[in-house]
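Each chain is listed here by its residues.
Number of protein chains: 2
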Amino acid sequence: MSDPTGPTVADVGEFPAISRAVAGRRQPDTTLVGPGHDAAVVAAGDGRVAVSTDMLVEGRHFRFDWSTPRQVGRKAVAQNGADVAAMGARPTAFLVGLGCPPDTPIAVLDEISAGIGEAAEEIGAGVVGGDLVQAGQVVVAVTVLGDLEGRAPLLRSAARAGDTVALAGRTGRSAAGLALFGAGHRGYPALLDAHRVPSPPYAAGVEAARAAAHAATDISDGLIADLGHIATASGVMIDIERDLLEPDDELRSAAVELGADPWDWVLTGGEDHALAACFAADVALPDGWRRIGTVRAGRGVTVDGRPRTGSGGWQSFSAGHSR
Amino acid sequence: MSDPTGPTVADVGEFPAISRAVAGRRQPDTTLVGPGHDAAVVAAGDGRVAVSTDMLVEGRHFRFDWSTPRQVGRKAVAQNGADVAAMGARPTAFLVGLGCPPDTPIAVLDEISAGIGEAAEEIGAGVVGGDLVQAGQVVVAVTVLGDLEGRAPLLRSAARAGDTVALAGRTGRSAAGLALFGAGHRGYPALLDAHRVPSPPYAAGVEAARAAAHAATDISDGLIADLGHIATASGVMIDIERDLLEPDDELRSAAVELGADPWDWVLTGGEDHALAACFAADVALPDGWRRIGTVRAGRGVTVDGRPRTGSGGWQSFSAGHSR
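Protein chains in written order, with the UniProt record's numbering: chain D, 1 to 323; chain V, 1 to 323.
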């Protein structure tokens with residue numbers, strides 16, 4: 001924690017702490033009524049709003065000895081923003097519920113808020129509201145609103161046999177970073193950073209909706225696990241091809257050093273917040289998307305036509321530190 | 001906790017637990033895409049959405065030896081729904097982030113979810129999404145969306161000298177219930193229930209917006225504290241009249257038994273989620289509203305023209321169990 005000798009949240013009190021978190025932050029045009037009232041009012045131009053919520057818990061989703069408070073804030077925005085991007089929506093606003101112990105330095109709160117604010121601003125969204133409460137550990141609950149701008153939302157349930165399965169962004173890098181942290185290995189800074197702050201390909205979600213993708217999801221639990229959600233919801237089978245997912249040299253090198261299998265990271269590692277989508281076979285994949293497989297009749301997810309044994313991905317209440 | 005011998009959240013796993021929480025729950029017409037995708041899609045008929053978020057923490061905002069899990073869920077909806085009601089909006093959708101220890105009985109989760117679901121349904125709103133994560137204590141983060149239905153939002157910042165200050169609902173009852181719980185007194189069931197599950201006057205918020213109220217807020221931190229937020233935001237003074245806020249016989253009787261001052265409860269008790277608003281002096285107060293004072297030039301909040309000494313209300317990081 002930064003500056004443990006500075007004033008704490010308890011010293012400053014709730015209202016000043018919230019004011020500090022939103023002070024000086026620019027609001028986009030979509031923020032019609034910003035913080036400072038009982039609720040915010042956000043524009044929903046096409047008469048609909050896409051909305052999703054996520055909760056990050058200290059010691060489970062982040063650790064302050066691995067990530068700075070600012071990175072924790074950035075991660076919360078990325079994780080949540082990817083959910084509306086996977087629907088084909090553009091994030092417009094974030095709300096933040098923050099729980100922390102009373103002896104939390106106000107500097108930590110300021111840095112989490114700064115990370116949330118700057119990450120939201122980078123994607124054109126506002127931070128429009130929040131709540132600050134006392135809790136036994138740091139808990140960050142983030143809700144995102146998104147604008148579909150007249151497009152049909154991308155669901156998990158409309159993939160069809162024959163569709164092309166495509167990926168925007170990369171998988172396995174957050175899991176590799178987590179493994180490096182766990183082993184006390186501080187090489188491969190790009191992989192460590194991928195775990196600290198994922199980089200969802202926001203624009204690719206909008207492009208997929210413009211290209212009338214049949215289904216999409218973000219990769220939060222692992223490629224096989226999340227494609228499995230599409231397969232189940234759509235009543236189809238998804239086959240992915242190893243040749244199209246080859247781990248890059250960085251992943252391979254890190255895996256050699258840790259005695260790990262880079263394919264585990266690529267196929268089952270969570271938290272990269274890449275996007276996967278299923279497109280009609282005759283559609284040219286939009287910018288940022290590359291083919292990784294095919295939708296077929298059947299059920300489940302296969303790799304080169306065969307079920308993959310082992311863990312399918314990450315679940316909140318299974319063993320292990322973090323997703 | 002109910003049925004501590006039953007299966008736990010860890011036994012059941014994240015996805016089934018979320019499915020249980022939303023299964024069989026009716027969605028209103030405003031839920032265009034419900035749970036089961038990366039984000040929900042909610043109608044925002046007039047091209048705007050009112051939105052607010054709140055976090056409730058076990059041991060701080062509720063205790064399972066005082067409240068059932070179902071009551072905790074109902075309280076989370078009421079607390080959050082009152083925020084959009086205070087803007088003059090009608091709640092349309094709730095999202096729930098739930099943190100809990102892995103050994104939490106699934107029955108507890110089911111009951112919290114049932115309380116959230118039934119309370120949302122009673123006010124015509126859907127529960128459209130959620131997240132379930134592992135945490136050291138039970139944390140309920142709720143976000144509410146509201147529909148302004150073409151009305152101007154009620155802000156805190158537009159009260160004017162000469163306005164009538166009015167109240168919908170009652171104050172002091174939750175604080176009385178909390179004091180009774182703290183003293184181990186199980187009489188006055190209506191006051192205990194007022195602390196367990198507040199009853200915001202949702203319709204009164206809509207009526208206030210229809211009557212073009214100048215400012216409004218919900219009473220979450222205490223009457224004086226929350227009117228103080230309006231006074232500060234509007235640059236005015238608010239004077240309330242004791243004669244118009246007389247504690248009823250139930251409050252007086254409970255106060256006598258506990259050796260407490262019922263005026264402390266009425267003026268500074270939080271969590272009732274009554275609504276306060278400032279109306280132009282020539283406006284007939286709508287149904288559910290009664291006059292309690294007047295807006296004047298100046299600053300701060302007075303009672304019968306004098307500042308009230310003592311605590312102005314509840315703050316998250318001050319001493320004491322709960323607001």
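Simulated from the structure, these hints should not be mistaken for laboratory data. Check each hint, because a few of them may be wrong.
Beta-carbon label-pair distances, calculated as ranges [said to hold, decoys possible]:
id, chain 1, residue 1, chain 2, residue 2, range
1, V, Arg252, D, Glu118, 52 to 58 Å
2, V, Asp103, D, Thr232, 24 to 30 Å
3, D, Gly13, V, Asp103, 49 to 55 Å
4, D, Ala152, V, Gly182, 20 to 26 Å
5, D, Asp261, V, Glu122, 49 to 55 Å
6, D, Ala212, V, Ala280, 50 to 56 Å
7, D, Gly13, V, Ala297, 24 to 30 Å
8, V, Asp304, D, Gly59, 48 to 54 Å
9, V, Ser157, D, Ser199, 33 to 39 Å
10, V, Asp287, D, Ser199, 25 to 31 Å
Quick caveat, the model's predicted, so the values are computed rather than measured. Glycine is no exception: its CB is placed at the ideal position from the N, C-alpha and C atoms.
Verification of the hints:
| no. | hint | result |
| --- | --- | --- |
| 1 | Arg252(V) - Glu118(D): 52 to 58 Å | holds, 53 Å |
| 2 | Asp103(V) - Thr232(D): 24 to 30 Å | holds, 28 Å |
| 3 | Gly13(D) - Asp103(V): 49 to 55 Å | violated, 34 Å |
| 4 | Ala152(D) - Gly182(V): 20 to 26 Å | violated, 54 Å |
| 5 | Asp261(D) - Glu122(V): 49 to 55 Å | holds, 52 Å |
| 6 | Ala212(D) - Ala280(V): 50 to 56 Å | holds, 51 Å |
| 7 | Gly13(D) - Ala297(V): 24 to 30 Å | holds, 28 Å |
| 8 | Asp304(V) - Gly59(D): 48 to 54 Å | holds, 51 Å |
| 9 | Ser157(V) - Ser199(D): 33 to 39 Å | holds, 38 Å |
| 10 | Asp287(V) - Ser199(D): 25 to 31 Å | violated, 52 Å |
Going down the numbered hints, you'll see the structure goes against 3, 4, 10, while the others check out.
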